[in-house]
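A.B. asks: Sequence:
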Amino acid sequence: MSASPPQNQRIAIIGLGSMGFGMATSLKRAGHAVTGCDVSADAVARFVKDGGAGAKTPAEAAKGADIVVSVVVNAAQTETILFGKDGVAETMPKDSVFVSSATMDPDVARRLAKQIEATGRHYLDAPISGGAQRAAQGELTILASGSPVAFAKARPALDAMAAKLYELGDAAGQGAAFKMINQLLAGVHIAAASEAIAFAAKQGLDIRKVYEVITASAGNSWMFENRMPHVLDGDYTPRSAVEIFVKDLGIIQDMARSARFPVPVSAAALQMFLMTSAAGMGRDDDASVARMYAQVTGVKLPGDK
Numbered sequence: 002m003s004a005s006p007p008q009n010q011r012i013a014i015i016g017l018g019s020m021g022f023g024m025a026t027s028l029k030r031a032g033h034a035v036t037g038c039d040v041s042a043d044a045v046a047r048f049v050k051d052g053g054a055g056a057k058t059p060a061e062a063a064k065g066a067d068i069v070v071s072v073v074v075n076a077a078q079t080e081t082i083l084f085g086k087d088g089v090a091e092t093m094p095k096d097s098v099f100v101s102s103a104t105m106d107p108d109v110a111r112r113l114a115k116q117i118e119a120t121g122r123h124y125l126d127a128p129i130s131g132g133a134q135r136a137a138q139g140e141l142t143i144l145a146s147g148s149p150v151a152f153a154k155a156r157p158a159l160d161a162m163a164a165k166l167y168e169l170g171d172a173a174g175q176g177a178a179f180k181m182i183n184q185l186l187a188g189v190h191i192a193a194a195s196e197a198i199a200f201a202a203k204q205g206l207d208i209r210k211v212y213e214v215i216t217a218s219a220g221n222s223w224m225f226e227n228r229m230p231h232v233l234d235g236d237y238t239p240r241s242a243v244e245i246f247v248k249d250l251g252i253i254q255d256m257a258r259s260a261r262f263p264v265p266v267s268a269a270a271l272q273m274f275l276m277t278s279a280a281g282m283g284r285d286d287d288a289s290v291a292r293m294y295a296q297v298t299g300v301k302l303p304g305d306k
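Residue 2 is where the sequence shown starts when you use my numbering, and the numbers rise one by one after that.
Hints are computed from structural coordinates only; laboratory data are not their basis.
The reader is advised that the hints may include incorrect statements.
Heads up, simulated DMTMM-like pairs for lysine to aspartate or glutamate below, C-alpha to C-alpha not over 25 angstroms straight-line [said to hold, decoys possible]:
1) K301 with D255
2) K64 with D51
3) K29 with D51
4) K29 with D43
Just need the whole structure built from these sequences, with the hints factored in.
C.D. replies: What follows is the structure in structure tokens.
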């Protein structure tokens, strides 16, 4: 049995958005030497000001890294990070590990793993859940799958970033598949919560009191409890944008069509996110589905002019 890797690792983190920045901070707090890279120079400068190191390209960030953590939005961006111009595959040391945190189709995760593993590096399929606050606290849930070697090499980073690590299989794709089941439920629950709160407003109910009653009742969901305060406050600053669920529920439709498996409830939820995006709110918080309902039905919600 191989020895565990040393705890203080050289780690590159590609993508310093709301999730990636918190993950980078958690890694640094755990004593690792962390280099951050992002398309936004301001995000990199902020991380450097915070005591981290910065790089202009993924290739530069990955040079000499034991672990490369990719925290981008989708499969296409992940593939660019790996194999595009200035991609990490150019400079990652042999036997290092690439930790992919983007939500993607399991088939794509399997293909990317095969490509990078053919070069003598390792790939850990490791989608994340928990939000920006938990990322900053090092308390994410990570749904991971990959070879035992990939897990062993990524362990110091995983320990620093996660409160819950689920080891879901010895090959890439399983973590991605678990994450898509989570996203199916998350998207449906946000759409349902938004429908309910807007319908309550249409009935002339005090929606703050509705929130109080529902969160103490059987109809509550984690998403209702987490997202509906954004509606109550009229604050649609994006914690997670509408477009994320346009993407993720779209992937679910593709997977389901390939499997000849009906998913009518998530298909309906996807249409609500598409309508919200088409109404100009794609980059706003995903609770904006409630605003879309309000606009269509003439309902007044907090913050409406």
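A.B. asks: For the pair supplied as a hint, K29 and D43, is the alpha-carbon distance within the 25 angstroms limit?
C.D. replies: Holds, because 19 angstroms separates the two Cα atoms, which is no more than 25 angstroms.
A.B. asks: Holds or violated: are the alpha carbons of K64 and D51 at most 25 angstroms from each other?
C.D. replies: The given pair, whose Cα atoms are some 21 angstroms apart, holds under the 25 angstroms limit.
A.B. asks: Measure nothing beyond the straight line between the CA atoms of K29 and D51; if it is 25 angstroms or shorter, mark the hint as holding.
C.D. replies: It holds: about 10 angstroms lies between the C-alpha atoms, which stays within 25 angstroms.
A.B. asks: Would you mind confirming whether the straight-line C-alpha gap from K301 to D255 stays at or under 25 angstroms?
C.D. replies: 36 angstroms, violated
Taken one by one, the earlier hints fail for this structure only at number 1.
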